[in-house]
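Protein chains: 4
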Amino acid sequence: MTKTRLEAFSDGVIAIIITIMVLELRVPHETSWEALRPLVPVLLTYLMSFVFLGIYWTNHHHMLHMVDRVNGAMLWANLHLLFWLSLTPFVTGWMGENKFVEVPTAAYGIVLLMAGIAYTILERTIIAFQGPHSKLRAAVGRDVKGYASLALYVTAIPVSFVEPRVAVGIYAATAALWLVPDPRIERRV
Amino acid sequence: MTKTRLEAFSDGVIAIIITIMVLELRVPHETSWEALRPLVPVLLTYLMSFVFLGIYWTNHHHMLHMVDRVNGAMLWANLHLLFWLSLTPFVTGWMGENKFVEVPTAAYGIVLLMAGIAYTILERTIIAFQGPHSKLRAAVGRDVKGYASLALYVTAIPVSFVEPRVAVGIYAATAALWLVPDPRIERRV
Amino acid sequence: MTKTRLEAFSDGVIAIIITIMVLELRVPHETSWEALRPLVPVLLTYLMSFVFLGIYWTNHHHMLHMVDRVNGAMLWANLHLLFWLSLTPFVTGWMGENKFVEVPTAAYGIVLLMAGIAYTILERTIIAFQGPHSKLRAAVGRDVKGYASLALYVTAIPVSFVEPRVAVGIYAATAALWLVPDPRIERRV
Amino acid sequence: MTKTRLEAFSDGVIAIIITIMVLELRVPHETSWEALRPLVPVLLTYLMSFVFLGIYWTNHHHMLHMVDRVNGAMLWANLHLLFWLSLTPFVTGWMGENKFVEVPTAAYGIVLLMAGIAYTILERTIIAFQGPHSKLRAAVGRDVKGYASLALYVTAIPVSFVEPRVAVGIYAATAALWLVPDPRIERRV
Numbered sequence: 000m001t002k003t004r005l006e007a008f009s010d011g012v013i014a015i016i017i018t019i020m021v022l023e024l025r026v027p028h029e030t031s032w033e034a035l036r037p038l039v040p041v042l043l044t045y046l047m048s049f050v051f052l053g054i055y056w057t058n059h060h061h062m063l064h065m066v067d068r069v070n071g072a073m074l075w076a077n078l079h080l081l082f083w084l085s086l087t088p089f090v091t092g093w094m095g096e097n098k099f100v101e102v103p104t105a106a107y108g109i110v111l112l113m114a115g116i117a118y119t120i121l122e123r124t125i126i127a128f129q130g131p132h133s134k135l136r137a138a139v140g141r142d143v144k145g146y147a148s149l150a151l152y153v154t155a156i157p158v159s160f161v162e163p164r165v166a167v168g169i170y171a172a173t174a175a176l177w178l179v180p181d182p183r184i185e186r187r188v
Numbered sequence: 000m001t002k003t004r005l006e007a008f009s010d011g012v013i014a015i016i017i018t019i020m021v022l023e024l025r026v027p028h029e030t031s032w033e034a035l036r037p038l039v040p041v042l043l044t045y046l047m048s049f050v051f052l053g054i055y056w057t058n059h060h061h062m063l064h065m066v067d068r069v070n071g072a073m074l075w076a077n078l079h080l081l082f083w084l085s086l087t088p089f090v091t092g093w094m095g096e097n098k099f100v101e102v103p104t105a106a107y108g109i110v111l112l113m114a115g116i117a118y119t120i121l122e123r124t125i126i127a128f129q130g131p132h133s134k135l136r137a138a139v140g141r142d143v144k145g146y147a148s149l150a151l152y153v154t155a156i157p158v159s160f161v162e163p164r165v166a167v168g169i170y171a172a173t174a175a176l177w178l179v180p181d182p183r184i185e186r187r188v
Numbered sequence: 000m001t002k003t004r005l006e007a008f009s010d011g012v013i014a015i016i017i018t019i020m021v022l023e024l025r026v027p028h029e030t031s032w033e034a035l036r037p038l039v040p041v042l043l044t045y046l047m048s049f050v051f052l053g054i055y056w057t058n059h060h061h062m063l064h065m066v067d068r069v070n071g072a073m074l075w076a077n078l079h080l081l082f083w084l085s086l087t088p089f090v091t092g093w094m095g096e097n098k099f100v101e102v103p104t105a106a107y108g109i110v111l112l113m114a115g116i117a118y119t120i121l122e123r124t125i126i127a128f129q130g131p132h133s134k135l136r137a138a139v140g141r142d143v144k145g146y147a148s149l150a151l152y153v154t155a156i157p158v159s160f161v162e163p164r165v166a167v168g169i170y171a172a173t174a175a176l177w178l179v180p181d182p183r184i185e186r187r188v
Numbered sequence: 000m001t002k003t004r005l006e007a008f009s010d011g012v013i014a015i016i017i018t019i020m021v022l023e024l025r026v027p028h029e030t031s032w033e034a035l036r037p038l039v040p041v042l043l044t045y046l047m048s049f050v051f052l053g054i055y056w057t058n059h060h061h062m063l064h065m066v067d068r069v070n071g072a073m074l075w076a077n078l079h080l081l082f083w084l085s086l087t088p089f090v091t092g093w094m095g096e097n098k099f100v101e102v103p104t105a106a107y108g109i110v111l112l113m114a115g116i117a118y119t120i121l122e123r124t125i126i127a128f129q130g131p132h133s134k135l136r137a138a139v140g141r142d143v144k145g146y147a148s149l150a151l152y153v154t155a156i157p158v159s160f161v162e163p164r165v166a167v168g169i170y171a172a173t174a175a176l177w178l179v180p181d182p183r184i185e186r187r188v
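Residue numbers (numbering that gives the first Met the number 0), protein chains in the order written: chain S, 0 to 188; chain P, 0 to 188; chain X, 0 to 188; chain W, 0 to 188.
These aren't lab readings, by the way, just hints derived from the structure by calculation.
Below, simulated BS3-like cross-link-like pairs (lysine-lysine); rule was C-alpha separation at most 30 Å, straight line:
#1 X:Lys-2 / S:Lys-2
#2 P:Lys-134 / P:Lys-144
#3 X:Lys-2 / W:Lys-2
#4 S:Lys-144 / S:Lys-98
Per the computed footprint, the stretches of chain X lying under chain W, defined by three or more beta-carbons under 8 Å from a beta-carbon of chain W, are:
#5 4-12
#6 94-102
Please read these numbers as outputs of a predicted model, since none were measured by experiment. Quick reminder that beta carbons are idealized off the backbone N, C-alpha and C, glycines included.
Pulled out of the complex, with its shape left as it was, chain S reads as follows (with noise of 0.2 Å):
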């Protein structure tokens, strides 16, 4: 089996989540700066989430150029990915509109680290199908990176109740860490 509808798919869904997480923005009804203010944390949470999205599409399509053949595990496994990824705009509209309180925004960080997990289990799904001469093992390694956005998220989710905005700033460096696309795949591109 080819990968283009795998791809053709993910992308589909991906672009569908990060462009109605536009919606969570309320026209103000009000024609002033001030009316935009309230909107603010929204904007914020939104520029954040499409990020995350963005560094889950750029990776899923370095990912993806590992891949030669697809069997029926990795379907699955993206479909669980795409399942996380598509609670995103709930979790980003309830964390934004509520200017970064506690529960919300341990909520944000389960979505996240829930989505890691699941991009890490089609990473391994690959590589078993792939066998002993893994062309994505190859290129990922231990794939330190990885594991330690999932260390963080863990890290951000208690720290969510005590002081929501350190978690927040745990999230956004976490995303800063993936913003340069992986060099290790890219070398070997």
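With the hints as your guide, set chains P, X and W onto chain S.
Quick look at chains P, X and W alone, frame taken from chain S:
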């Protein structure tokens, strides 16, 4: 005619259906874990519908692997399937927001049944077009799993009026039956 | 220039239009079959618009089979068609929620007419670009069916103000006319 | 790396943005032509934004024709462009629902300006990656039209606070400037 656009259009529609369902998960105004409790049945229904749509997508993906050329009847059989799938968000929202009561649970089953029938019609249309040496017929054989699913839906619909939670269990069991991609086709690929 | 992205973009836009229409089917708060009754005209209008968009998609699919190269005028003639199609959910909702009364029924016909004119303009633009040996002109000939549809819409619009249900019947009859994919082109393919 | 997924993802995002804008056209409860009157500015703004997004799509289409290989910086420059374009439905709704008053009209111009800057950054990123013999640089030359558009937006933003309708006129004039696809590139293709 080639199948590229049929695949691309189906991928697009299924990607959108699977993603707009999440809009039913309305962002709560409160910020406690308690505020998420009424969303639990909505989230569970969303998960079940996500899995059903994932099944349709992967099976559609497998089925189209057996197709080389496309005719007008196939385009319309495919649109017919997409029509029933497009009603999924509506019945998902109705069943989920009302915590699995009678009529919405039956309506959910009716949409699943009609989508299952539409899938079978598409399968038969392809087999008829491919003629006596149909690759797809060789792959699906008597399609026991397909007809068993239709029988399960037909059973679950009346059950909804007596014990809606049992009907939901039947839907979940049917999904479980399909979670593994069709080995008959995978073997041939 | 190749036609790949023109097809992909059109598929994307039509897939989204056909799917967001279903958002007009608002989930009722009650859980009886009765609660669905006010949705019946909305569902029927949705079905009709789904069929119309399906017709545009399959005809667009057939037409692009006759196209090898794309120029700027074709890109814009295509965007013009997509603009009118994008108004379909609006008039579908307006007509469906008001049970086929005069003005919304006429507005529905106006959008159908404008989309039909836009399709004809796209067809003429392609034929002009292909020059004297245009494959598309050879396939569509005098395009009797296309012009007959425009005449039917022009008739139905004033009829909407007298007997809106007759106008709806004319729309349905026009759709029926097109349900079979164009044999002139299919023969040539 | 190939450009296929970059094109597919951009097509998907632009297709969704262009289509969800129409959701701002709320179905009126009345059924007279009068009921459409308050929607006229919303519809006109939608039309203008549709044209702007169409321009970005066709120019993106032309620009990517000059690209053979893609790197990580291009993926992110492209995501940056899509981010600003994704804010179009928000400012379109704000300006349209308030009939072109000062602040929303300026906000509309700011989003256009930022999208224009993002497009220029993407162009420069591609040219830098292609090196001294860049096909794209040869095609766009000094990009007079691109910089003229940025100058027009910079002019229109302060004008919005004095005569918002003049600012809207400047936006429309800028769109008119671009409606013809770039002859410099078309000639080379």
